[in-house]
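Peer 1: Mind docking chain B on chain A? Use the hints.
Below are the chains, spelled out letter by letter.
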Amino acid sequence: MTEPRFDELIHPSTRLSLVATLTAADWAEFGYLKEQLGLSDSALSKQLTTLEEAGYVTTERRLSGTRRKVRARLTDAGRDAFDGHIAALQEIITEAGAARRSEG
Amino acid sequence: MDGIAPEEALTALDAADRARRQVTEEVGLPRGYWWAMAAGWLVLGGLGSEAPSWVAGMATATFGAAHAALASRLLDGRRRTGRLQVSRAVAGHRVPLVVVGMLVGLVAVTVGAALALDADGADHAALWAAVLVAAIVGFGGPDILRVLRRWARA
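Chains as they are written, first to last, in numbering that gives the first Met the number 0: chain A, 0 to 103; chain B, 0 to 153.
Chain B extracted, bound-state conformation:
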């Protein structure tokens, strides 16, 4: 340990910290999850707008069950890519909560948009609201989650 200057020690600590932070950036969900979620949103919006309510209800329950099955494996945010698996300690325990909170928020946005479009006299308000939110989820899901994780320090 002799002969190591404090400046050198500091540089080494910075390098180690930077390397670990790069791995933290890998916390998230696979790209396919967001596209599947967007597709599900569109299908449910379409069914909610066009199909009998029992069909929409069944589809929503099926979608929820499929998501729950996937969620147990993916929502911890450790498997965003197939190139590494982030450690449990780095991914933290709050990522699933952040994802679920985000989805609840998007449901609220969908309902709000549908009500606004309906009040405006638009046809197929539920479908258009779903299209809007599906686009947000599909294109912006990873970025929204990144921002929410930062806010929640998760």
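One chain only, chain A, in its complex shape:
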């Protein structure tokens, strides 16, 4: 069972969706992530850089034909942080439900 651990870095909605997408994939290309999340190149780059600096994501540049493509993948630390964050969110909801029941 994952220990609940709220993660301020992952919590903003764009970053949460980005990390959630990467948890379901071994890797994803920059173009795919940009399309799914509806972000501009610069906005996605910024989010990936933030996550990369935290050690949650790694990126690699690959040559595809004549074009360079960027692939992002989640690190083990990123996966642990995401699982902990999801557990923390679930805990918040569970505790709120318990509090509501005890009041009622």
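Check the hints yourself; a few may be wrong.
Stated by the list, open to error - So the derived label-pair ranges between C-beta atoms look like this:
(1) A:Gly-37 <-> B:Pro-51: 51 to 61 Å
(2) A:Gln-89 <-> B:Thr-59: 30 to 40 Å
(3) A:Thr-57 <-> B:Trp-53: 25 to 35 Å
(4) B:Ala-107 <-> A:Ala-53: 51 to 61 Å
(5) B:Ala-118 <-> A:Glu-59: 55 to 65 Å
(6) B:Thr-23 <-> A:Gly-37: 50 to 60 Å
To be verified - Short, incomplete list of chain B residues facing chain A, as computed with Cβ under 7 Å:
(7) Ala-18
(8) Ser-86
(9) Val-89
(10) Gly-91
What the hints assert, rightly or not - Derived pair list, reagent style DMTMM-like, types lysine to aspartate or glutamate, alpha-carbon separation capped at 25 Å:
(11) A:Lys-68 <-> B:Glu-24
(12) A:Lys-45 <-> A:Glu-59
(13) A:Lys-33 <-> B:Glu-49
(14) A:Lys-45 <-> B:Asp-16
(15) A:Lys-33 <-> B:Asp-122
(16) A:Lys-33 <-> A:Glu-2
(17) A:Lys-45 <-> B:Asp-75
(18) A:Lys-45 <-> B:Glu-7
(19) A:Lys-33 <-> B:Asp-119
Since the hints were made in silico from the structure, they are not lab data.
From a predicted model like this one, the values you see are computed outputs, not experimental measurements.
All C-beta atoms in this analysis are idealised placements derived from N, C-alpha and C, irrespective of residue type, glycine included.
Peer 2: Only chain B this time, still in chain A's reference frame:
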């Protein structure tokens, strides 16, 4: 964690779930697989109808071997596009079974259609049955697989 309202937590969980489900939609086989399968179906139907049985037998064995070689890499459904690779946990273990079951079903449809056309007195019944199923595979393969995956929860 203080200061996060349950509603906000719920919204965040929904967003994460939606993002993961979008990746699940990417499980499948590359478009080229379905066109190659349709082409193979046509060729085998043509040979079954026009060529000596040993030629049709050899072609079927070759097609089966080529498919088996491809299948080991593609049938897990994780490489539908070159833009991402779906994780093994998300793709599940039942996708190859669903694809193989679908192909077996299509073989049955081909045989059934050929028998029906033959009983109706049609010329080249095997070829026309193959044309019918090749069209189904080529145009509808991805959608049929999507529906079957949903039914099989794979």
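Peer 1: Evaluate each hint against the coordinates.
Peer 2: A quick look at each hint next to the structure:
no., hint, result
1, A:Gly-37 <-> B:Pro-51: 51 to 61 Å, "holds (58 Å)"
2, A:Gln-89 <-> B:Thr-59: 30 to 40 Å, "violated (53 Å)"
3, A:Thr-57 <-> B:Trp-53: 25 to 35 Å, "violated (54 Å)"
4, B:Ala-107 <-> A:Ala-53: 51 to 61 Å, "holds (53 Å)"
5, B:Ala-118 <-> A:Glu-59: 55 to 65 Å, "holds (59 Å)"
6, B:Thr-23 <-> A:Gly-37: 50 to 60 Å, "violated (19 Å)"
7, Ala-18, "holds (4 Å)"
8, Ser-86, "holds (5 Å)"
9, Val-89, "holds (5 Å)"
10, Gly-91, "violated (12 Å)"
11, A:Lys-68 <-> B:Glu-24, "holds (22 Å)"
12, A:Lys-45 <-> A:Glu-59, "holds (15 Å)"
13, A:Lys-33 <-> B:Glu-49, "violated (51 Å)"
14, A:Lys-45 <-> B:Asp-16, "holds (23 Å)"
15, A:Lys-33 <-> B:Asp-122, "violated (53 Å)"
16, A:Lys-33 <-> A:Glu-2, "violated (31 Å)"
17, A:Lys-45 <-> B:Asp-75, "violated (33 Å)"
18, A:Lys-45 <-> B:Glu-7, "holds (24 Å)"
19, A:Lys-33 <-> B:Asp-119, "violated (55 Å)"
Of the numbered hints given earlier, the model fails hints 2, 3, 6, 10, 13, 15, 16, 17, 19; all others are met.
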